[in-house]
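> Take these sequences, add in the hints, and give me the full structure.
There are 2 protein chains.
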Amino acid sequence: MKELEERIIAQARVYPDHIIRMDSFLDHQLDIGLLDRIGAEFFRIFSGRGINKIVTVEASGIAYACMTARYFDVPVVFAKKAKGDSIEGGLYQAETYSYSYNGGPTLLIAKERLTARDTVLVIDDLLAKGDTLHSLLEILSYAGAKVAGVGVVVEKGFQEGGRLLRQEGVDLHSLAIIDQAEERNIRFRHTSEGQ
Amino acid sequence: MKELEERIIAQARVYPDHIIRMDSFLDHQLDIGLLDRIGAEFFRIFSGRGINKIVTVEASGIAYACMTARYFDVPVVFAKKAKGDSIEGGLYQAETYSYSYNGGPTLLIAKERLTARDTVLVIDDLLAKGDTLHSLLEILSYAGAKVAGVGVVVEKGFQEGGRLLRQEGVDLHSLAIIDQAEERNIRFRHTSEGQ
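From first to last, the protein sequence lines stand for chains A and B.
So that you can map any letter, position 140 of the first sequence is 140 in full-length UniProt numbering, and since no number is skipped, the others follow by simple counting.
So that you can map any letter, position 153 of the second sequence is 153 in full-length UniProt numbering, and since no number is skipped, the others follow by simple counting.
Keep in mind that the hints were calculated from the coordinates and are not lab data.
Honestly, I wouldn't trust all of these hints.
Identical copies go unnamed one by one, so any copy, or any two together, can satisfy a pair.
As the list claims (entries may be wrong) - Restricting the straight-line Cα-Cα distance to at most 25 Å, the calculated cross-link-like pairs of lysine to any residue (SDA-like) are:
| no. | residue 1 | residue 2 |
| --- | --- | --- |
| 1 | Lys146 | Ser24 |
| 2 | Lys111 | Glu183 |
| 3 | Lys111 | Phe188 |
| 4 | Lys111 | Arg7 |
Structure, rendered in structure tokens:
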């Protein structure tokens with residue numbers, strides 16, 4: 001997505017260890033017009049697949065999921081992250097799907113929110129190692145929900161998450177794939193795959 | 001907001017200790033059409049005040065802030081919650097406003113996201129004791145930002161947060177104020193104040 005890449009070039013800040021901060025427009029502070037056009041782009045890519053639900057993870061995926069959901073006119077379900085050892089006050093323990101991939105945060109979705117009748121589009125803002133998405137996809141498989149695709153706003157192409165997910169047959173589309181990130185040099189991947 | 005109250009009556013579930021779950025349409029699963037109309041309602045209430053930024057707290061305020069921001073066509077800034085003892089990797093320690101009200105979670109906003117030139121509308125989904133909103137308002141005062149108003153989707157009128165904030169002169173509007181919540185009986189407040 002050209003506008004997204006241009007904004008990243010103009011406003012992203014790269015720190016040591018390939019940390020890319022996009023706090024002035026994509027995270028912490030959100031440019032709502034850009035987010036709306038991102039939602040429209042996900043709709044363009046994934047429409048016509050019978051999607052009846054957008055699924056994401058709190059917190060930074062929520063904005064993108066909502067903007068996308070407006071175009072699809074379907075609900076958004078967001079997985080919550082377990083805080084500490086207790087799962088959401090115990091009240092839902094028997095009624096919740098939960099999974100933690102690779103020692104990452106445990107994700108929780110109440111069972112009544114997802115069933116085998118659902119065809120979902122997964123949306124998230126950032127893909128790096130892919131732990132979060134792997135956890136989410138595991139939960140979706142417990143529920144029996146069909147995954148029509150996965151939309152990511154920014155993929156760090158120099159980390160393994162994207163490669164692993166595509167290898168596993170996930171239909172992953174990232175609106176910008178950063179293959180190289182240095183302080184004065186951000187290089188995007190442009191291929192037919194995932195674009 | 002009549003539609004909101006009708007949905008709460010129809011779909012909210014009340015548990016012991018006045019816990020009100022709205023997981024099928026306002027939290028965890030979001031009815032995007034309803035959220036859009038909530039955003040429109042906040043715009044109707046607060047437009048014409050020179051608002052240039054919508055401010056909220058992760059995670060559940062984000063969806064409402066985004067839908068509202070679409071109507072105002074202004075950015076959204078969301079405060080983050082400190083995870084454990086370290087503040088966001090230390091990188092921002094000197095550059096962050098932080099505050100914890102009443103022993104609640106420490107909220108963080110990067111200093112460059114808010115200045116004395118900003119006129120903000122604060123949006124949040126739920127108001128009970130008011131700890132989160134008090135923390136947020138404290139941070140906004142550090143930044144010197146003007147607070148044009150506070151919009152809340154659901155206020156638990158039987159808890160003190162709303163009363164305290166109004167007493168402090170905050171221009172607080174809640175789209176639904178629940179004064180009584182029992183298993184088969186939810187009663188809303190209908191006054192000119194805050195509606």
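> Hint by hint, which ones does the structure fall short of?
Violated: hint 3 alone.
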